[in-house]
Amino acid sequence: MKREESNIVNSQGSLTVSDESIARLLCDDSHVEEAVRLIMKKYGEPLYWHIRRMVVAHDDAEDCLQETMINVYKYRSTYSNEYPLSSWLYKIATNESLKLLKNRAGFTMSVDDLGDSLKDSVREEAGPNADETLVLLQEAIALLPAKQKMVFNLRYYDDKSYEEIHQIVGDSVNTLKTNYHYAVQKIKDYILEHQL
Amino acid sequence: MKDFDLEGLSREMPYKMPEHFLDDMTERVVSQIGKQRKQNRERKIVALFASAASVAAVALLFIHPFGGGLDIPDYENISQCASIDELFQNMTADELGVYSMMSNYYGN
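As given, the protein sequences belong to chains V and H, one line each in that order.
Mapping the first sequence onto our numbering, position 160 (from 1) lands on 160, and the numbers just tick up by one.
Mapping the second sequence onto our numbering, position 99 (from 1) lands on 99, and the numbers just tick up by one.
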């Protein structure tokens, strides 16, 4: 592939290299490191925040993001251009986040039982000067079941369509819509209940 | 009934991402991938040498370096067994007894 095609930075300083170009580099053994750099440049921040909204603590998000990128390298041959590269990356990041939460829950609890401990972490991570409504919102999200949390975050923060969320999470669009609806209702109830 | 305008809320997060975090992470990941690629290459080379060595070892079993084949004694040739006759002749009665017992036991 042409070199100039892979490293295009526009006047705002953001990367405009296409996902197709990155995917081609990723499958080319001699350019795999360059592909990983491009993925980090283009998707590193959204992936970090996606993971962090799931696991809350920065240290955990750091571990998950690193594992996500290593898995991108390890399983690059499984990527099919049937789906967008971003959906594949989000899927790996989501799986890594769930894996971390499952490890934390152990054999006796489920991921959904971690709500209270994640909620407590929200306030610790946010610090004393954080906006109270934003903290309440994160607490409400932390208390959601994992599936509702994933769907809500991907739709509300990452602006993903239900079709894209389906590619990442795997459930049917109708199930995803129901999950989102429940999540929104629970979040609103929590904020109204706890807002001063 | 009271409602909360979720859509009107800022999408900001109440947390911060440490400065240079993504750059540091990129370097760490690229370095780890580099190490894994090196290990994979080394493993491939070792596997290649191991299979080459196995092939060579199998070939050596059948090909004598000087073209003479393996030096396997020809027990069909009676002249090579002359020393065995001498061995029997030099055996004591007790030794012959033990040999006979063992031959009967192993069916030979």
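These aren't lab readings, by the way, just hints derived from the structure by calculation.
Please note that a few of the clues may not be correct.
[Unchecked claim] Listed next, the in silico BS3-like pairs over lysine-lysine satisfying Cα-Cα at most 27 Å (straight line):
hint, chain 1, residue 1, chain 2, residue 2
1, V, Lys-41, H, Lys-16
2, V, Lys-188, V, Lys-147
3, V, Lys-119, H, Lys-44
4, V, Lys-119, V, Lys-41
Here is how each hint holds up against the structure:
1. Lys-41(V) / Lys-16(H): Between Lys-41(V) and Lys-16(H) the Cα gap is close to 18 Å, so the pair holds against 27 Å.
2. Lys-188(V) / Lys-147(V): holds (18 Å)
3. Lys-119(V) / Lys-44(H): At roughly 48 Å apart (the allowed maximum being 27 Å), Lys-44(H) and Lys-119(V) break the hint.
4. Lys-119(V) / Lys-41(V): violated (30 Å)
When the structure is compared with the earlier hints, violations turn up for hints 3, 4 and for no others.
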